[in-house]
Amino acid sequence: MRSFLNVISYLFHPIFIPVMATVGYFLVTPRLYELNFKIDVVITISIFTICIPILIFILLKRFKLIDSIFARKVEERRIPLYVYVLILFLIVTKVITKSIFAELYDFFLATLFASLVCLVLVLFRVKASMHMMGVSGLLMFLIVLSITYQLNIIFALSILILVTGLVGTSRLFLKAHTFPELIIGFLIGAISQLLMLYNWL
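So in the UniProt record's numbering, the last one in the sequence shown is 201, and the numbering has no gaps at all.
Rather than coming from a laboratory, the hints here were simulated on the basis of the structure. There's no promise every hint is true.
Said to hold, decoys possible - Each computed DSSO-like pair below joins lysine-lysine, with the alpha-carbon atoms no more than 30 angstroms apart:
no.	residue 1	residue 2
1	K175	K94
2	K64	K175
3	K38	K94
4	K38	K61
5	K61	K175
This structure is a prediction, so every number in the text was calculated from the model and none was measured.
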């Protein structure tokens, strides 16, 4: 059981959520994009949100500024969050433009806002669950996307709701977060995406 929940925590680490959202967007949006263009965008997002953060984590761990990729202590989260906020800012200003990607741009903007909220909380020594922030943001993004385009993706949403529950369970079981920290993270992720709703409808 512990191994399974560990795998869930790794698979749905916050650094993977932007790529999942990007792939999900391209799979369900009725907007027409060339396949090569979509692949280029996914690769670019992967470099920004997966490769660069992993390199940063390796450096931080080498200099003993963090214990693990999960940054369990509040003080360990400051530098990773500063870096993540900077990366998201670069994405919404240089990579994902609203005129071309519309809803996906709003997803990244909402994720940037949510990450800033988590950073502010960390400065006040409050640890919100970034895992729950990421997965709830992804869930809300796909829900609103399905409503906007009248898409029937109930099966995918059901799986993601199950995953959300598993992520929360894994973080509790592994004693990485308390229940209130999970709720705070969930609300930050979901509400940030909902704040972008007016741009969609």
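- Hint check against the structure, violated hint numbers in rising order: 1, 4
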